[in-house]
Amino acid sequence: MDLFEQTLKNTAPLAERMRPTSLDEFVGQKNIVGKNSLLRRAIMADKLGSCIFYGPPGTGKTTLASIIAKSTNSDFVALNAVSSGVGDVKKVIDNARHQKEVTGRSTYLLLDECHRWNKAQSDSMLEAIEKGYIIFIGSTTENPFTSMTRAIVSRCKIFKFEMLSREDIENVINRALTDKRGFADLKIDLSKEALDHLVLTSGGDARVALSGLELAVLSTPAKKGTIIIDLTTAKQCTQGKFISVDTDLYYDMLSAFCKSLRGSDADAALYWSQRLINAGCDPLLIARRLVAHSSEDVGLANSQALVVSVSAMTAVEKMGIPEGLIPLSHAIIYVCMSPKSNSVVVAMDEAKKDVESTFNDAVPDHLKNTNYLNEKRDKYKYPHNYGGYVDQQYLPNEIADHIYYVPSENGNEKSIRLPEKKLQNINKKNKK
Numbered sequence: 037m038d039l040f041e042q043t044l045k046n047t048a049p050l051a052e053r054m055r056p057t058s059l060d061e062f063v064g065q066k067n068i069v070g071k072n073s074l075l076r077r078a079i080m081a082d083k084l085g086s087c088i089f090y091g092p093p094g095t096g097k098t099t100l101a102s103i104i105a106k107s108t109n110s111d112f113v114a115l116n117a118v119s120s121g122v123g124d125v126k127k128v129i130d131n132a133r134h135q136k137e138v139t140g141r142s143t144y145l146l147l148d149e150c151h152r153w154n155k156a157q158s159d160s161m162l163e164a165i166e167k168g169y170i171i172f173i174g175s176t177t178e179n180p181f182t183s184m185t186r187a188i189v190s191r192c193k194i195f196k197f198e199m200l201s202r203e204d205i206e207n208v209i210n211r212a213l214t215d216k217r218g219f220a221d222l223k224i225d226l227s228k229e230a231l232d233h234l235v236l237t238s239g240g241d242a243r244v245a246l247s248g249l250e251l252a253v254l255s256t257p258a259k260k261g262t263i264i265i266d267l268t269t270a271k272q273c274t275q276g277k278f279i280s281v282d283t284d285l286y287y288d289m290l291s292a293f294c295k296s297l298r299g300s301d302a303d304a305a306l307y308w309s310q311r312l313i314n315a316g317c318d319p320l321l322i323a324r325r326l327v328a329h330s331s332e333d334v335g336l337a338n339s340q341a342l343v344v345s346v347s348a349m350t351a352v353e354k355m356g357i358p359e360g361l362i363p364l365s366h367a368i369i370y371v372c373m374s375p376k377s378n379s380v381v382v383a384m385d386e387a388k389k390d391v392e393s394t395f396n397d398a399v400p401d402h403l404k405n406t407n408y409l410n411e412k413r414d415k416y417k418y419p420h421n422y423g424g425y426v427d428q429q430y431l432p433n434e435i436a437d438h439i440y441y442v443p444s445e446n447g448n449e450k451s452i453r454l455p456e457k458k459l460q461n462i463n464k465k466n467k468k
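Our numbering puts the last residue of the sequence shown at 468; the count rises by one with no breaks.
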């Protein structure tokens, strides 16, 4: 390493300087690289095939790929999918093919942000992977099964990384305080409260935790040779709880929010809504889901829920945040506490099935428009001439007795009374 490289290393951010260089230093992901795990045995034996690491940022994906590079006897090339093109890939493949022919050694290709590669870039790599010139290691925060081409994914082992635990983050911070690559040369007094705050606000991301620690150390003057970092200092050097959210986690949290609405748990629904908003989710998206669930899960058991939810969506749109979050939370609680009925969505789905499966669904003669016909449709009975309701057929002949909407016994819906003929059809349906 020359003087310039040494200077760059010494002035690199703390998170980069503290990047583990061996499996023994690696923190977290014990399910993947723990003792006797498949991946660890493959790395130690230098028999690792093509694989993809995916999960939240700051959980060790790139670090583990670098450790693999240092532990193998093969050549190693690193590319970033954002800045590399097909030409870069072909150059790597040509060199790898030549190396394989001359020395018999394969080439490891680490591709960071691998989900950014398009189909042409991915396809250019397939032959090299199949013939063994290239051992591909992809690193991504996105689910490869949905964000990458199937051809590449099918040729790789997939390893999912999880957010680091509180204990893992504490270990990362304490190592930075005592390791010569970190702040071993400085006398630092980090209070327990400050440590807990750095762990909490990291959101399981080691890079965020180390960045907060570094800012605290570099911005705090020493007193009698000691840098004292208390809770106040730690709070000033962080921006609140950091939440790493990939596509999977985003949809998981949105699903948890919707299921909490359906399950009448206002506390959980409020929590997941705030978690989504703090992670950068547009509050209008939450409001739109709330409107949908007002009909899907509350429905006619309390039709006012739809009115409240639409009003909350309008408030969020017109007022923005943070003020708009108050009526949004109001509506969330209202929907959760309302009696539940899915009769609306069940009726809609049943009607859709008949539309898709009924062969002869002609409009009955007495319901047809008479304005453009010479003959009159005298069979139609005008309901208002009979006090507001009169029994007559409105569905096509083939499905005239089909029932879609059945009131539940919940909330306001239990007071809804269907016409006698429809009740008879429901009873017949239930007896079958």
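Treat the hints loosely; a few may be bogus.
To be verified - In silico BS3-like pairs for lysine-lysine, Cα to Cα no more than 27 Å straight-line:
(1) Lys-271 to Lys-295
(2) Lys-66 to Lys-223
(3) Lys-271 to Lys-216
(4) Lys-126 to Lys-106
(5) Lys-417 to Lys-404
In case anyone wonders, no lab produced these hints; they're calculated from the structure. Computed from a predicted structure; not experimentally measured.
Hints versus structure:
Between the alpha carbons of Lys-271 and Lys-295 the distance comes to roughly 34 Å, so the proposed pair goes past 27 Å and is violated. For the hint linking Lys-66 to Lys-223, the alpha-carbon distance of about 32 Å lies beyond 27 Å, and the restraint is violated. Annotation: proposed proximity of Lys-271 to Lys-216 holds, straight-line Cα distance about 26 Å (limit 27 Å). Note on Lys-126 and Lys-106: the hinted pairing holds, with a Cα-Cα distance of about 24 Å set against a maximum of 27 Å.
A hinted pair counts as satisfied when its Cα atoms are at most 27 Å apart, and Lys-417 with Lys-404 qualifies at roughly 12 Å.
Going down the numbered hints, you'll see the structure goes against 1, 2, while the others check out.
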